[in-house]
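Please model the complete structure; the sequences and the hints are all you need to start from.
Listed here are the chains, written in short residue letters.
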Amino acid sequence: AQKVTQAQTEISVVEKEDVTLDCVYETRDTTYYLFWYKQPPSGELVFLIRRNSFDEQNEISGRYSWNFQKSTSSFNFTITASQVVDSAVYFCALSEGAQGGSEKLVFGKGMKLTVNP
Amino acid sequence: DARVTQTPRHKVTEMGQEVTMRCQPILGHNTVFWYRQTMMQGLELLAYFRNRAPLDDSGMPKDRFSAEMPDATLATLKIQPSEPRDSAVYFCASAKGSYNNQPQHFGDGTRLSIL
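Same order as they appear, the protein sequences are chains C and D.
Under our numbering, the first sequence has 76 at position 75, and the numbering climbs by one with no breaks.
Under our numbering, the second sequence has 48 at position 66, and the numbering climbs by one with no breaks.
Source of the hints: derived by calculation from the structure; they are not laboratory data.
Among the hints, erroneous ones may be present.
As the list claims (entries may be wrong) - Derived BS3-like pairs (lysine-lysine); straight-line CA-CA distance at most 30 angstroms:
hint, chain 1, residue 1, chain 2, residue 2
1, C, 17, C, 113
2, D, 78, D, -7
3, D, -7, C, 39
4, D, -7, C, 113
5, C, 110, D, -7
6, C, 110, C, 71
7, C, 71, D, -7
8, D, 78, C, 110
9, D, 60, C, 71
10, C, 4, D, 78
11, D, 60, C, 110
12, D, -7, D, 44
13, C, 4, D, 60
In structure tokens:
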């Protein structure tokens, strides 16, 4: 069965600190996709990134970077030089199959990040 | 930017009343999902449709919940009769159901309170 574990439930940092959000997943499929979504205080869910199981290249987008390691079934997310606007709940999610997101998502419990000025 | 539109944004009603939530998926997206978010359970899938046909509704309490897609531009989620434990945020998401497609895009949610 699919499972996504975000062991950290809440992290508080001071602005400009780097912070890493952990995500560990379980699946029996060889083809799957991993996602990160952000839920700011306003409540909407914002897509951040998608990776497929065949692409273990790390990715960087501005202050955000993602480290995908199949050997440890992890897909960690790092925010460099955090800002107050990064304060949100972050969800890691998994979908099995090859369709990249048009199959159901299984979400982790989320990790609340608070960035203090 | 194209968006998934959900109505109403907020709903407060008394136990036993019927509740209908609506979702307009992004034009061209043929897969529509309903998720529920609560503090205890987090985000969980209730049901999803492709090309208006239900693919999986195993997460939905069948006795009181029903989900339909009357046409390609409208998905509905109904609760009848509603109970206090149904209080949650209900999200609709849509995606294009094909290989190498775009990820799911979520609406802003309906915050439901059952008194």
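*Return the numbers of the hints above that this structure violates; sort them in rising order.*
Hints 7, 9 not satisfied by this model.
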